[in-house]
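Enquirer: These protein sequences, in sequence, are chains L, S and C.
Every number in the working numbering is 282 more than the matching position in the first sequence, counting from 1.
Every number in the working numbering is 920 more than the matching position in the second sequence, counting from 1.
Every number in the working numbering is 47 more than the matching position in the third sequence, counting from 1.
It is worth saying that the hints were derived from the structure and are not from the lab.
Treat the hints with care, since some could be wrong.
[What the hints assert, rightly or not] With a straight-line Cα cutoff of 30 Å, these simulated DSS-like cross-link-like pairs (lysine-lysine) come out: (1) L:Lys337 <-> C:Lys316; (2) L:Lys430 <-> L:Lys356; (3) L:Lys388 <-> C:Lys316.
[To be verified] Simulated coverage check for chain L against chain C, where a stretch passes if three residues somewhere in it have a Cβ under 8 Å from a Cβ of chain C: (4) 312-318; (5) 372-384; (6) 408-418; (7) 424-438; (8) 453-465; (9) 489-495; (10) 503-514.
Glycine residues also receive a C-beta, built at the ideal position from the N, C-alpha and C atoms.
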Amino acid sequence: MHVTGALKIKKGQKGGGGLAEPALVRWLLIAVALAFLGLFLVVPLAAVFTQALDKGVDAYFAALREPDALSAIKLTLLTAAISVPLNLIFGVVAAWAISKFDFPGKSFLITLIDLPFSVSPVISGLIYVLLFGLQGWAGPWLSAHDIKILFAVPGIVLATIFVTFPFVARELIPLMEAQGKDEEEAAMVLGASGLQTFFRVTFPNIRWGVLYGVILCNARAMGEFGAVSVVSGHVRGYTNTIPLHVEILYNEYNYAAAFAVASLLALLALVTLVVKTVAEWKIQEETM
Amino acid sequence: MGGRKTRPYNNRVKGTDMSIEIVSVSKNFGQFAALDNVSLTVPSGELVALLGPSGSGKTTLLRIIAGLETPDGGKILFNGEEATDRHVRERQVGFVFQHYALFRHMTVFDNVAFGLTVKPRKERPGKAGIRDKVHELLRLIQLENLADRYPSQLSGGQRQRVALARALAVEPQVLLLDEPFGALDAKVRVELRRWLRRLHDEIHVTSVFVTHDQEEALEVADRIVVMNGGRIEQEGTPGEVYDRPATPFVFNFLGNVNLFHGRVHNGLARLGGMELASPEHAATTDSPAVGYVRSHDIEVERLPSDSSAVAAEVRHVHTVGPLVRVELLLSESGETVEAELSRDVADRLRLKTGETVFARPRKLKVFAGDYQI
Amino acid sequence: MNLSLKKHSVLPGFGPTLGYTVFYLSLIVLIPLSALIFKTAGLTWGEFVATVTAPRVVASYRVTFGAALLAAAVNAVFGVLVAWVLVRYRFPGKRLFDALVDLPFALPTAVAGITLATVYSGGGWIGRYLEPHGIKVAYTPLGILVAMVFIGLPFVVRTVQPVLEELDAEIEEAAACLGANRWQTFSRVLFPTLLPSLLTGFALAFARAVGEYGSIIFIAGNMPMVSEITPLLIITKLEQYDFAGATAIASVMLLASFIVLLTVNLLQKWSRRFAE
């Protein structure tokens, strides 16, 4: 599981000369590939924005200014603001331990870190219901002390942390392993302390990788639906995130408003792709 | 390179006394014994080469001196003071990594300045002080005009010199270099190692470098330590280890060598059809023995000049630059040996493939017992 | 194996960083996941089997795993094609398309769900051309397939692409010199090299599709026995306060994803067997 969205380090174009396919075959293959991508990616993306503006620009902004929408936006930002930094710190710390040291059980640890990616989002939510629900381990105690985790903000944050857990770590581990520890050792020999070594030597080398991991982590944190849906309780204006708000509007047949709010997330996705692409170029540049 | 008029390094105390003593150091990586009870003294101000094949433990020893590895047993003394547990930061060593380990996001200037800028505020020179020091070092390595370049914009030889300047910036007591020329082209390698030798003659900092290239060790070092299988085979000046190899391994590792198999008995060796005196084996009775002769110590003659000359058939004659290599098949033993002749000697002999000549070892070292390399 | 292995490195922070890693991993992932396992263990074997083999549940497996397998197969074919075209050919907009491949990773599943449902419904951009031919996508099992193809699309592309980029041109040149034509070169030399990464991408796309919820429920129609996916069934059980039932089904799914995860790990080991 070390491939998803993993950093691509590209080489120059190959082939050509006598080894290329005939032009006709080439263009046919390109046409089929682009038709596939167009049908599955471009059409839906265009549809989001078209549907969002279906009832006009005024209706579009009205849908975004509506109080429930605003509170959903606020909750989504809050959730991301808590879960992304926590997973960032974890990612950097875990990558340091795993890439700079040798210890038994390392590959097992990496597999465990990847675990949340192979668990269905619904199950990711379910496990917190089992922990904190009234039937769960901590449920009775929590309700006795009047602490609300499930169907409240803490539950949403926890579920989000779970599903976005591996993003930063899995970008940084291969990157830092590839960079080795020569530069860090050189810094130590020259008298740098541990923190000086990290901030002046390691971090500048991984900053684009960090950005890459953070932006993907953030996209997922803001867009997570399944896990959050299980733990949220769908209380309008209180425990609804943007994706959950989109669902409610859609199920109420308020399509234009649903797509208007959804277009925010689609924009976020586009920004994510741009930043991700730039980060990839930068990483590629620096690895060369 | 050459042509330095200034003595840019003269503000450091010349020839700071710093000897290194390694006492019974051992190091295992899992089941693999990288170093097996190694003891060695590096005298102050010398340039010492650790020479050996890969896996011989030379890099491990260097990293233990630097403090980058901790030995499993034994001690490291700097100037007679125990330094085994001293952290790498406090050892005041300069280390040049095999692949340089330059900080790729810093310019040449910042790379060289790094060691100075991470010093605690009290010891840190001022901005101007750092700038002067760095420029002085860049002058020394003749890269002053490239101060603003990034490592990726430099050639291999330039990176190597920047790595050296970076190590020297903190005025180390000891300079350690791991395969310093390993990653360079043959030509640059020769230039740089001569430059390193001259640099060392100027600054006299106690230096140890690791290499697997015998020529490099012989040309650059004051002393050579030949290592094999985690142990020291021999140490001495380049002349000593080349002319008087202590073990078959050293013989084999330094220079081209021919083997004559046979037996030795009461000071008389019979090897590949030759019969010769071997006084150092006077007490040995009927033991297998191997005679080692360097290729350039085999003389090729039309007529045998004494009893140590044996008949041989010329199999091939290759001219390699100034030398002529002659492959000879010894008629009696069927062993193949290679003789290295100078061009004029070969021209005089006018050897032809297939003809019979006489091979006579000028200098031969006999090792008794079943030596295996 | 002794525990003083950190001695191999002079870099600081091994203890604290590994400690924090294990602590945070346990807190966020391991302890919550173990809740699922303990809860399942609370059921008797009979109850467990009865729950996970109820006809409606079995039907949901069939829909979920069947559609996921098909979707992964579609993605395997088109993924290799897209990766090939992106690596080997030049055409206008190539970089844009390359970046766009990751859209399913970046676009929240709920947005994908409502969009696909709209586009493929009777009056939608694509649906209106399919409907007259009697092809109904939205609110049928076919819709599930479409959503699964969408969310699984990047996996095969992104696993095959780097392998294709790393391929040494000399290998193809050698094949050509030995007299192989283009198709022979692809099928006998290139394809076997790509196979491990292709299978890895296939397995990842499959795993993702099996667990997917958000993008599917809007387009699926969610008819029990026909187009109801297993994750939805878990939620339905939860909403009926049938925690034991939800947990039992979830543990079956979890087991399935572990098997896929294990397969992927083995595949990656296998793919490295020729590595130097």
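Enquirer: Apply the coverage criterion to the stretch 453-465 of chain L and chain C: a residue qualifies when its Cβ sits closer than 8 Å to a Cβ of the chain, and three qualifying residues are needed.
Expert: violated (count 1)
Enquirer: With a cut-off of 8 Å between beta carbons, are at least three residues of the stretch 424-438 of chain L near chain C?
Expert: violated (count 0)
Enquirer: Please verify the coverage claim for the stretch 489-495 of chain L: does it have three or more residues whose C-beta sits within 8 Å of some C-beta in chain C?
Expert: With 0 residues closer than 8 Å to chain C, the stretch 489-495 of chain L misses the three-residue bar; violated.
Enquirer: Cut-off 8 Å, C-beta pairs, minimum 3 residues; does the coverage of the stretch 312-318 of chain L by chain C stand?
Expert: Coverage by chain C holds here, the residue count being 5 at a Cβ distance below 8 Å.
Enquirer: Holds or violated: Lys388 of chain L with Lys316 of chain C, Cα cutoff 30 Å?
Expert: Holds - the C-alpha atoms of Lys316 of chain C and Lys388 of chain L are around 15 Å apart, at most 30 Å.
Enquirer: Cut-off 8 Å, C-beta pairs, minimum 3 residues; does the coverage of the stretch 372-384 of chain L by chain C stand?
Expert: holds (count 9)
Enquirer: Does the alpha-carbon distance linking Lys430 of chain L and Lys356 of chain L stay inside the 30 Å limit?
Expert: holds, 19 Å
Enquirer: Tell me whether the statement that chain C covers the stretch 503-514 of chain L is true, taking a Cβ distance below 8 Å and needing three residues at minimum.
Expert: holds (count 7)
Enquirer: Under 8 Å between beta-carbons, do enough residues of the stretch 408-418 of chain L, three at least, approach chain C for the coverage claim to hold?
Expert: Per the Cβ count (9), the hint holds.
Enquirer: Does Lys316 of chain C sit within 30 Å of Lys337 of chain L, going by the straight-line distance between their CA atoms?
Expert: violated, 54 Å
Violated hints for the displayed structure, listed by number in ascending order: 1, 7, 8 and 9.
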